[in-house]
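Once you've looked at the hints, dock chains E, R and V against the given chain S.
There are 4 protein chains.
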Amino acid sequence: MTVVVTREEMAAFLRREFPQTRVSVEAIEADGIVVAHDITEAELRPGGTVSGPVMMALADVALYVAVLSRIGLVPLAVTTSLNINFLRKPLADRRLIGRCRLMKLGKSLAVGEVWLYSEGQEEPVAHATGTYSIPRRPDAVVTV
Amino acid sequence: MTVVVTREEMAAFLRREFPQTRVSVEAIEADGIVVAHDITEAELRPGGTVSGPVMMALADVALYVAVLSRIGLVPLAVTTSLNINFLRKPLADRRLIGRCRLMKLGKSLAVGEVWLYSEGQEEPVAHATGTYSIPRRPDAVVTV
Amino acid sequence: MTVVVTREEMAAFLRREFPQTRVSVEAIEADGIVVAHDITEAELRPGGTVSGPVMMALADVALYVAVLSRIGLVPLAVTTSLNINFLRKPLADRRLIGRCRLMKLGKSLAVGEVWLYSEGQEEPVAHATGTYSIPRRPDAVVTV
Amino acid sequence: MTVVVTREEMAAFLRREFPQTRVSVEAIEADGIVVAHDITEAELRPGGTVSGPVMMALADVALYVAVLSRIGLVPLAVTTSLNINFLRKPLADRRLIGRCRLMKLGKSLAVGEVWLYSEGQEEPVAHATGTYSIPRRPDAVVTV
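Protein chains in written order, with full-length UniProt numbering: chain S, 1 to 144; chain E, 1 to 144; chain R, 1 to 144; chain V, 1 to 144.
A portion of the hints provided could be inaccurate.
Which copy is meant is left open, so a pair is good if it fits within one copy or across any two.
As the list claims (entries may be wrong) - Below are the EDC-like pairs computed for lysine to aspartate or glutamate, each with C-alpha atoms no more than 20 Å apart in a straight line:
| id | residue 1 | residue 2 |
| --- | --- | --- |
| 1 | Lys89 | Glu17 |
| 2 | Lys104 | Glu122 |
| 3 | Lys104 | Glu123 |
| 4 | Lys89 | Glu119 |
| 5 | Lys89 | Glu123 |
| 6 | Lys107 | Glu123 |
| 7 | Lys104 | Glu29 |
| 8 | Lys89 | Asp38 |
| 9 | Lys89 | Glu122 |
| 10 | Lys104 | Glu119 |
| 11 | Lys89 | Glu41 |
Think of the hints as simulated: they come from the structure by calculation, not from any bench.
Extracted from the complex, chain S is given alone in its bound form (with noise of 0.2 Å):
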């Protein structure tokens, strides 16, 4: 699957389409992507771990990314559903980082997996899969 927008493309459309997000993005690469967040406070939960919620968030941006890396920047790809375990544990004083790889890129669906690290990590705190739903219209594409 041949990537189509550069990393740095990629962060300026987040900013632009995002702008209160803390993702960024780390890498776009022909075998997936990485994503990173940095963990705040208010996402920490009881006991000083990172919330489930932050996690599916990045998990939801690592394939939104990953998606957009392929079919170019079309903000309409909707996410049609989200699967995630939890694994481990985050640590609070590390980045969270996504890495995404996709499993299918149909005419109309793209399916892909992400795992979830605490930077520096070898063991991976949580796996999701998700499915995004591709507009039908590729002269949708935005250009950066």
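What follows is chains E, R and V alone, placed relative to chain S:
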């Protein structure tokens, strides 16, 4: 399944444990619970719809409230998995409502389903199922 | 959502397309469908319970019947994802019942939920949600 | 995660516990297990493809084998949830291969992922994640 926590106790617990949350507890009843979430500008996606992570976060809180309403205010209960299907675009100017019912409340695992709605609408915007791991020490129960 | 196939038509379709199936169509109604499956010795797991795959297979058929009852007998509709939570042990000597309701019937995607029961029991044994991809050519409809 | 059961012991266990199964155990290794399933006529769907339930059943067995290869031959371990994404049509004339790796092996819960392939093909036909509940009494281990 007997309710062991009142709506007021649950609301106080959420405010204390998650001071930053904007979720309100609307009802705690024998057959399920209801939570609501005000949508802010920052949570809207391109196209004026509510972002997926906002819906996932509300589904997660709904499950948490449903489980705690039956087992008591045990802050150590953790989500182990969540599966969500996004069905329709939520309205940008309505509160998001989550109705959760437990399917199973075992000794170590609880399973529930959540229907999400834009307030006042009949058709759901999303449906989630989730699993909660229940800490084994029942003496960990917190009193408010 | 209007029903466009009768119970008898659906039963004949399943017999023809899946000659080996032991699933019977019990009801096709405006708010959902009901299918049933006789349990044989070969489908029991150690401990005398029904195997997980038997439940998954019935959930899949239930979704298929629900979708086809609304879009017509289109053999090309395919499951794209299925998520199942196993809740209780089914009884070994009862039929397995599947009740399916569609949450969404879009142009290219249908989403439904299935509750599975041991016949005559009130508590469900499993809950599944699934997604069906609908072929784009509505002229592919088969007449029985 | 250490392997505590050999391929031969696992194969003998499956034959005894599930005399009707056509799944063979191909490999049990430190980083995962491989199982295979011969496709019969009865398992084909309209259009000559392998039915979804056959894939779900193989994913379930793959998870079961992966868990038991690490915890010993405990027949009481039960699947608590399974999520599967169907990616491509399996070939009708090839064995179905399942490769499973555990993401987490906790005291009471194991989580794994399974990739399914048509034998000899590079692209996966399905991807599943599943959760197993592990019985608490480790003395329930069965010796072959």
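### Query
Which of the listed hints are not met by the structure?
none
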